[in-house]
Structures are given as C-alpha cells and as structure tokens.
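Asker: Please take these sequences and the hints and turn them into a complete structure.
Next come the chains, spelled out residue by residue.
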Amino acid sequence: MIEFDALATCFSSTACLVNQVSSGLIIGMLLFLVASGVTLIFGVLHVINFAHGSFYMLGAYFAYTVYAGTESFFLAAVAGAVGAGIAGIIFERLLMSRVYGQDILMQLLVCYAVILIVDDLVKIIWGAEYLAMGVPDEFRVPPWRVAGGFIPPFYLFLVAASVVIGIGTLILVTRTRFGRIVRAAAHNPAMVSALGIRVPLYFALLFGLGCALAGVAGALAAPVRSLTPGMGFGILVESFIVTVIGGMGSIPGAFVAAIILGLTRSFGSVGFPLFVDGAMFLMMALVLIFRPTGLLGRGVLK
Amino acid sequence: MTLTPSFRRDFIVAAAGLVLLLAVGLFIDHPWPRDFLTAVFAYGLLAMSLNLLIGYTGLISFGHAAFFAFGGYCFGLLLQSDAFIAGMGGAAIPVALVLAIAGTALYSLIIGAICVRLSEIYFAFLTLAFQMFLYSLIISWVDLTGGDQGLMGGIPRPVFLGIDLSDQIHRYVFCAALFVACLVFLRVVTESSFGYTLRMIRDNPQRAAFLGINVFRVKLICFVIAGSVAGVGGIILALFTSGAYPEWAFCAQSGEAIFMIMLGGLTVFVGPLVGAVALILLNDMVQLYTSHTELVTGIVILAVVLGLRKGMLDFVKEDIVEPYLERRRGADRAASTETRAVGDGAET
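So the sequences go chain by chain: W and A. Start counting the first sequence at 1; every next residue gets the next number (the working numbering). Start counting the second sequence at 1; every next residue gets the next number (the working numbering).
In short, the hints are calculated from the structure, not lab data. Errors might be hidden in some of the hints.
[What the hints assert, rightly or not] For each label pair, taking beta carbons as the anchor points, the in silico distance ranges come out as:
id: 1; chain 1: W; residue 1: Val163; chain 2: A; residue 2: Ser193; range: 57 to 63 Å
id: 2; chain 1: A; residue 1: Ser119; chain 2: W; residue 2: Tyr100; range: 19 to 25 Å
id: 3; chain 1: W; residue 1: Arg145; chain 2: A; residue 2: Thr290; range: 51 to 57 Å
id: 4; chain 1: A; residue 1: Ser291; chain 2: W; residue 2: Asn188; range: 45 to 51 Å
id: 5; chain 1: W; residue 1: Asp103; chain 2: A; residue 2: Leu20; range: 21 to 27 Å
[To be verified] No farther apart than 25 Å at their CA atoms in a straight line, the calculated lysine to any residue pairs in the SDA-like style are these:
id: 6; chain 1: A; residue 1: Lys317; chain 2: A; residue 2: Pro158
id: 7; chain 1: W; residue 1: Lys123; chain 2: A; residue 2: Phe250
id: 8; chain 1: A; residue 1: Lys310; chain 2: A; residue 2: Phe269
id: 9; chain 1: A; residue 1: Lys317; chain 2: W; residue 2: Asp103
id: 10; chain 1: W; residue 1: Lys123; chain 2: A; residue 2: Phe269
id: 11; chain 1: W; residue 1: Lys123; chain 2: A; residue 2: Leu282
id: 12; chain 1: W; residue 1: Lys123; chain 2: W; residue 2: Val78
id: 13; chain 1: A; residue 1: Lys317; chain 2: A; residue 2: Gly17
id: 14; chain 1: A; residue 1: Lys310; chain 2: W; residue 2: Lys123
id: 15; chain 1: A; residue 1: Lys310; chain 2: A; residue 2: Glu256
id: 16; chain 1: W; residue 1: Lys123; chain 2: A; residue 2: Ile280
id: 17; chain 1: A; residue 1: Lys317; chain 2: W; residue 2: Gly101
id: 18; chain 1: A; residue 1: Lys310; chain 2: W; residue 2: Pro252
Idealized CB from N, CA, C, for every residue including glycine.
Answerer: As structure tokens, then:
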C-alpha cells in the first residue's frame with residue numbers, strides 16, 4: 001500500500017522536495033483559511049458550521065465571475081471574500097441563529113440542507129460542468145528554479161496572502177474592540193447586552209467574518225483548482241480534520257495542523273496516493289484519542 | 001429477561017407485521033414493492049440501530065454507517081471466497097451470516113472501546129474519523145475490496161434448507177424475516193431494564209454512575225448492539241444488490257441515517273423506520289418530477305427541522321396523542337368508574 005521506494009527517491013532529490021513542499025504549503029494555506037473560519041465560529045458561537053465548504057465554493061464562483069468581468073484578480077479576491085461574508089450573514093440570521101444552543105443534530109441538518117441547496121443553486125447559475133479561471137496575467141511569468149525544483153510565483157503570493165490574512169484575523173480577534181466584545185459576548189451574552197451592545201449583530205458579523213475567510217480561500221484557490229458544484233465538500237471534511245488536530249477554537253493550532261496536513265497530502269500523493277485520506281483520518285483519530293483538545297487547544301470544551 | 005405482557009404484545013405485533021410484509025411481497029405481482037421494502041429493511045435497520053445510540057443513549061455518532069458497510073463487506077467477501085464455499089457447502093449462507101454479524105460486533109467492540117470514553121462532540125468526530133478511515137481502507141485495498149468499484153462479480157448464494165436466495169421471492173422472505181427478528185431484538189433491548197439504564201445514562205450520566213452503574217460498560221454494550229444490527233442492515237443490502245460498495249461507508253451515508261431519525265422522530269420506537277420510508281420515497285418522488293433533487297430535498301429538510309422542530313412521529317406523539325390522552329384522562333376522572341371499565345374492556 002505504501003511505496004517506500006518512491007518516497008525515498010523523492011526525499012533524496014532536492015527538486016522533488018522543493019516541489020512537494022511548495023505544493024504542500026499551498027494546500028495547507030488554503031486549508032488554514034477555511035479551517036480558521038470554522039474554528040473562529042466554533043470558538044465564539046459554539047456551533048459547528050458544517051456548511052462552511054459551501055462558502056468556500058461561493059467565494060471561488062464569485063471570484064470567477066468578477067475576474068471574467070474586470071480582469072482584476074485583486075477585485076475578484078475581494079468579491080469572493082465579501083460575497084461569501086454577506087451570504088454567511090444571511091445564512092446566520094435566517095437559519096443558523098434559530099438553532100443556537102440546540103443539539104448538534106439540528107445544526108448538522110440545517111447545514112446539510114444548505115449544502116444541498118447551495119450546490120444546486122450553483123448548478124443552476126453557473127452550470128454543472130467544470131470551470132477553470134486560469135492563473136491571472138500578473139503571475140504568468142516563468143516559475144523560479146530553486147535547487148532544481150520549480151516554484152510558481154502565484155504559489156508564493158498565495159502563501160504570503162494567507163499568512164497576512166491569518167495574522168490580520170488573529171489581531172482582529174485578540175487586539176481590537178470588535179474582538180473584545182465578541183469574546184466577552186461568547187462568555188456572557190446577557191451581561192454584554194446589558195451594557196447596551198447588540199449581541200446578535202456582533203454574532204452575525206463574526207459568522208460573516210468566518211465565512212469571508214472561506215470565501216477568500218475559495219477565491220485564492222480559483223486560479224489553481226477547477227470549479228465545480230460540490231467542490232466545498234472535500235475541503236469541508238479536511239478543514240474539520242485541521243480544526244480537530246489543531247484544537248477547536250485555536251487559530252494558531254489551525255495554522256500548524258493545516259501545514260502538517262498539506263505536507264501529508266503532497267508527500268502522500270508520492271508515497272501512498274490511495275491512502276492519503278486514510279492517513280489524515282488516522283492522524284485525527286490519534287489526536288482525539290490521546291489529546292482530545294488538540295495540539296494547541298487550551299481549556300476543555302464540552 | 002422475563003416475558004412481561006408488554007413483550008407478548010410486541011411479539012404479536014411483530015408477527016402480524018411479518019405476515020403483512022410477506023403478504024405484500026408475495027401477492028403483489030410486481031417487483032417494485034419488494035425492492036422498495038428490501039431497501040427499507042436495510043436502511044431502516046441502519047437508522048433504528050443508530051437511534052439506539054442517539055435517541056436512547058444520547059451518544060451522537062457521525063460514523064455509524066461504518067458498521068453497516070463492514071457487515072455487508074464481511075458477508076460478501078466470505079461468500080466470494082471459493083475456499084469458504086467449498087468448506088461450508090450447503091451451510092455457507094447461515095455460517096457467513098453469523099460470522100459477518102460476529103465480525104461486525106468485534107469491530108464495533110474495538111471502535112466503541114476507543115470512542116465511548118470521549119464526550120459529545122469529540123465522540124462524534126472520532127466515530128467520523130474511524131468511518132472515513134474504513135472508507136479509505138476500502139478504496140485503497142483494491143485487491144481485497146475492489147476499491148471504488150465495490151465487490152464485483154456478484155455474491156454467490158448457495159441453496160440452504162431449500163432456500164434459494166438468488167430467487168427474488170425467497171430472498172425477500174429471508175430479508176423480511178431477518179428484519180423483523182432484528183426489530184424484535186431492538187424492542188426487547190429498549191424496553192428491558194437495560195433499555196431504561198440507557199435512558200438514564202442519556203439524561204444524567206453522573207446520577208447513573210452514583211447508582212453503581214458502570215457507564216462505560218453499558219455504553220459499550222449499547223455501541224456493540226447498535227453496530228451489529230447496522231451490520232445486519234448491510235448484509236441485507238449486500239444480498240439485495242449482490243455486491244458491496246464503498247459509498248456505504250462514506251460519511252454521507254451516516255448523514256442520511258441521521259436525517260432518517262430526525263425526520264421520523266427519535267422518541268418513538270418506529271420513528272426512524274418511518275423516517276427511512278419517508279426519505280426513500282422522497283428521493284424516488286423528487287427524482288421523478290424534477291432534476292433539482294438537491295434543492296427540493298434541502299428545502300424539505302429545512303421545513304421539517306425549522307418548521308416542526310421535531311420528527312413526524314415525535315410531533316404526532318407530543319402534539320396529538322399525548323394532549324388527547326391528557327384530555328381523556330381528565331374526562332375519565334370526571335366520569336364514573338363504570339364507563340372506565342367498559343373503555344378498558346373495549347381496548348383488550
């Protein structure tokens with residue numbers, strides 16, 4: 001099942017190492033953006049957004065449309081983030097806020113329904129066939145050669161953008177007034193609303209922020225992945241693995257876990273192509289058994 | 001376990017149900033009712049066994065379909081092995097049945113022993129992880145399982161005791177009997193003192209522990225029972241499709257089972273079964289009338305979850321039957337004892 005020869009050959013060649021590490025990093029960074037949305041929403045609102053992959057998909061499709069219209073990748077990425085964020089706020093207000101505090105099965109079913117509906121809506125609006133956006137013109141330059149391997153410039157941009165967005169989110173949540181209010185409201189909503197703060201508004205904004213992270217990940221992925229209805233499901237499952245391994249509610253944990261998973265995926269495609277998913281679920285199971293709060297998770301969450 | 005009158009009533013109901021199922025299968029000269037009902041047997045057992053975990057014990061599992069698939073694959077693989085068929089001869093089917101159930105029980109014992117220690121959401125995610133691990137194993141172990149193609153080439157079904165499972169009618173009767181037997185088993189489990197222990201663990205595990213109940217052991221036994229019954233569902237589906245497919249172990253299959261429970265109702269014994277019937281019918285109907293199956297299914301789910309906020313039979317029980325009984329009890333109290341005696345007499 002595991003081809004040790006192929007793995008050994010890859011590890012002994014710097015070209016293969018550079019290629020696999022760079023592709024592992026972009027997988028990891030996209031996963032990190034999606035998973036940080038999941039973990040943010042869970043950490044504050046204590047609900048699991050099982051429909052998070054749908055916002056990743058929406059972000060990619062919004063970016064595709066805007067890019068086709070404006071030829072600007074920057075505008076496309078903004079459109080992906082803002083569009084998914086607004087969709088997330090609507091979803092939170094209309095549906096998700098009705099199942100806060102209820103058992104997890106209700107949340108699961110509401111999200112499952114939304115996944116089905118959004119997939120079909122995308123099929124109706126953009127069609128069921130695969131769409132390709134193509135790498136934007138700015139990045140259509142020859143890849144850099146590093147130690148025999150190739151690194152496309154877009155990969156570097158993607159990694160840098162993800163790190164900047166991740167740090168920005170962390171600062172927003174830990175260092176700003178918005179973050180303080182949201183964290184206080186997560187702890188004691190009644191007290192915060194008694195101080196004259198509209199708690200549901202902040203919850204909706206936070207939910208929208210989480211969905212915008214998924215949306216921007218979708219927009220960043222659009223040039224390098226093909227777009228199809230249902231593309232959100234795979235990344236949803238992987239982002240759960242990242243969230244659990246990193247510790248539910250921890251953004252730095254999601255970062256570490258996403259890189260581990262991205263590298264597992266890229267080296268796994270060399271050494272054990274059919275068993276990549278199995279290896280990821282095995283890691284998740286091991287973490288849950290020996291350290292249920294995750295690698296960097298603090299406190300015990302119920 | 002002694003046979004209380006309530007169990008005697010359940011056995012009579014089960015026997016009547018089996019007769020009805022057989023009548024429908026044998027006297028309607030069209031394969032559709034038989035095919036539909038066989039699918040209901042398989043998915044119904046999956047949903048009802050999952051409800052033993054979710055509804056009765058409060059263990060929310062996201063990975064129950066793993067045992068469903070495990071049972072189906074065990075059964076199929078045993079019967080596809082030439083050595084097994086040659087060694088067992090005429091007893092191949094019953095022995096494969098017993099071994100597949102025992103194998104699934106052992107598998108759920110191992111998985112359960114690891115999972116049931118964890119609480120709530122971690123339990124849910126760990127069961128999901130093990131299910132997806134099994135799924136990946138099925139996909140990647142092509143030599144044994146056929147990978148994403150599933151078990152190919154059909155499952156041999158040698159005749160035993162005059163029963164030929166390659167015959168439609170024989171197979172239907174066999175599956176119906178297996179299904180009703182499992183239902184009776186689940187009923188005995190849920191209505192016995194063990195079943196009430198499960199309810200107590202669901203409502204207040206600490207109190208159960210203080211009363212001297214080994215919560216871990218009871219949860220584990222429940223997990224093994226539920227896994228084994230799900231395995232029987234998988235065996236029925238393997239018999240029906242003459243194969244086994246990796247989708248049975250995919251997380252969407254567990255999601256569907258959860259939806260069957262929520263649609264039918266978790267507080268009534270046959271709720272998940274009603275949910276299974278409703279969901280399979282809904283899928284068939286939607287496919288008949290529209291190409292936007294997902295859109296319609298999604299809207300129906302939202303309508304049930306946010307509209308009723310409970311399953312169909314939960315709604316019937318809590319909003320129709322119980323208020324009615326309450327009213328009648330009130331009326332009874334006002335009426336003379338004479339009328340009550342007549343009422344009781346009419347019931348039995």
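Asker: Against this structure, judge whether each hint is valid.
Answerer: Hint by hint, here is what the structure shows:
| no. | hint | result |
| --- | --- | --- |
| 1 | W/Val163 / A/Ser193: 57 to 63 Å | holds, 59 Å |
| 2 | A/Ser119 / W/Tyr100: 19 to 25 Å | holds, 20 Å |
| 3 | W/Arg145 / A/Thr290: 51 to 57 Å | holds, 53 Å |
| 4 | A/Ser291 / W/Asn188: 45 to 51 Å | holds, 49 Å |
| 5 | W/Asp103 / A/Leu20: 21 to 27 Å | violated, 35 Å |
| 6 | A/Lys317 / A/Pro158 | violated, 45 Å |
| 7 | W/Lys123 / A/Phe250 | holds, 23 Å |
| 8 | A/Lys310 / A/Phe269 | holds, 15 Å |
| 9 | A/Lys317 / W/Asp103 | holds, 20 Å |
| 10 | W/Lys123 / A/Phe269 | violated, 39 Å |
| 11 | W/Lys123 / A/Leu282 | holds, 21 Å |
| 12 | W/Lys123 / W/Val78 | holds, 23 Å |
| 13 | A/Lys317 / A/Gly17 | holds, 21 Å |
| 14 | A/Lys310 / W/Lys123 | violated, 31 Å |
| 15 | A/Lys310 / A/Glu256 | holds, 16 Å |
| 16 | W/Lys123 / A/Ile280 | holds, 24 Å |
| 17 | A/Lys317 / W/Gly101 | holds, 24 Å |
| 18 | A/Lys310 / W/Pro252 | violated, 38 Å |
The structure does not agree with the numbered hints 5, 6, 10, 14 and 18 stated previously, though it agrees with the rest.
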